[in-house]
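Build the full structure now, drawing on both the sequences and the hints.
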Amino acid sequence: GESVGLHLPTLSVQEGDNSIINCAYSNSASDYFIWYKQESGKGPQFIIDIRSNMDKRQGQRVTVLLNKTVKHLSLQIAATQPGDSAVYFCAESSPFSSGSARQLTFGSGTQLTVLP
Amino acid sequence: NAGVTQTPKFQVLKTGQSMTLQCAQDMNHEYMSWYRQDPGMGLRLIHYSVGAGITDQGEVPNGYNVSRSTTEDFPLRLLSAAPSQTSVYFCASSPSFRQGSWGYTFGSGTRLTVV
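Chains as they are written, first to last, in the working numbering: chain A, 19 to 134; chain B, 20 to 134.
Hints listed in this document are in silico derivations from the structure and should not be mistaken for laboratory results. Because the structure is a prediction, the values reported are computed rather than measured. The beta-carbon is built from N, C-alpha and C at its ideal position, and this holds for glycine as well. Keep in mind that a hint or two might mislead.
Computed, partial: chain A to chain B, Cβ under 10 angstroms [to be verified]:
1) 32
2) 33
3) 34
4) 108
5) 125
6) 127
Listing some non-contacts, in silico: residues in chain A with all C-beta distances to chain B over 12 angstroms [unchecked claim]:
7) 40
8) 47
9) 52
10) 62
11) 71
In C-alpha cells:
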C-alpha cells in the first residue's frame, strides 16, 4: 500500500536555530496534509495543516511547505525552543469511499532534539 | 474539559485475556477512530466509525472489535490478548465534512502490555 515516509529519524538543532523536518508521501490522491507533534507520554497534537491547493501555509513560528510535483512536505520551525523537542509526524489524508470521513496515514516520525 | 478521554492509561494483560479500552469525546464529533503506535512506527488505524451505529475496519483490525452505540463513545475490545498487541493505543475524533473544519483530536493514550 501507499505510505508516508520521513527522510530522517532524528534531528538535533541548537536552541534559537531554525528546524526543518521533511516528509515524502506517495499517495497522489491525498489532498490534505497535517503535521503533528507528540511529546513523550502524550497523544499527537495538531500543529498545522495544508490543503493540496496550497504551496505554503504559515502559523505561529511554523511553516509548512508542500511540493506536489515531487510529493514532498516540510515543516519549518523558526527559533527552535527547548519545548519544541518532541517527535513530529506528518500525515496525509484522502477521502474514505464513504465520502463523509477521511483516511489519515501517518509517517514513522522524526525525533527533534533541541540542544542548549 | 472538552476533548477525547481514554481509560485506562496503563494496563497489563495475560495472554488470552479480554478487555475493553474506553474512549469518549464531548465535541459532538461524528468521526472516531482507534490507532495503535509501536516503537519506531507511526500510528496505524485499527477501526473507525463515521457515526453512531457505523463502524469499519482500518489497516490492522485483526484481534479487535468496536461498536458505536452513541456519538460520544467508541470502545475498543481485545477479544483474546496476544503479546503482539502490546502497544500504545490512541483514540481520535474529528468532525465530518458536513460539520465544517476538519482535524483530528487525540486522546492521551492507553499503554497496553500483554505478557
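Here is what the structure says about each hint:
1. 32: Interface hint status for residue 32/A: violated (26 angstroms vs cutoff 10 angstroms).
2. 33: violated, 26 angstroms
3. 34: violated, 29 angstroms
4. 108: holds, 9 angstroms
5. 125: holds, 5 angstroms
6. 127: holds, 6 angstroms
7. 40: holds, 15 angstroms
8. 47: Non-interface label on residue 47/A holds, nearest chain B Cβ at 16 angstroms vs cutoff 12 angstroms.
9. 52: violated, 7 angstroms
10. 62: The claim breaks: residue 62/A does not keep its Cβ more than 12 angstroms from every Cβ of chain B (closest is about 5 angstroms).
11. 71: The assertion about residue 71/A holds, with a minimum of 15 angstroms to chain B.
In summary, the numbered hints that this structure violates are 1, 2, 3, 9 and 10.
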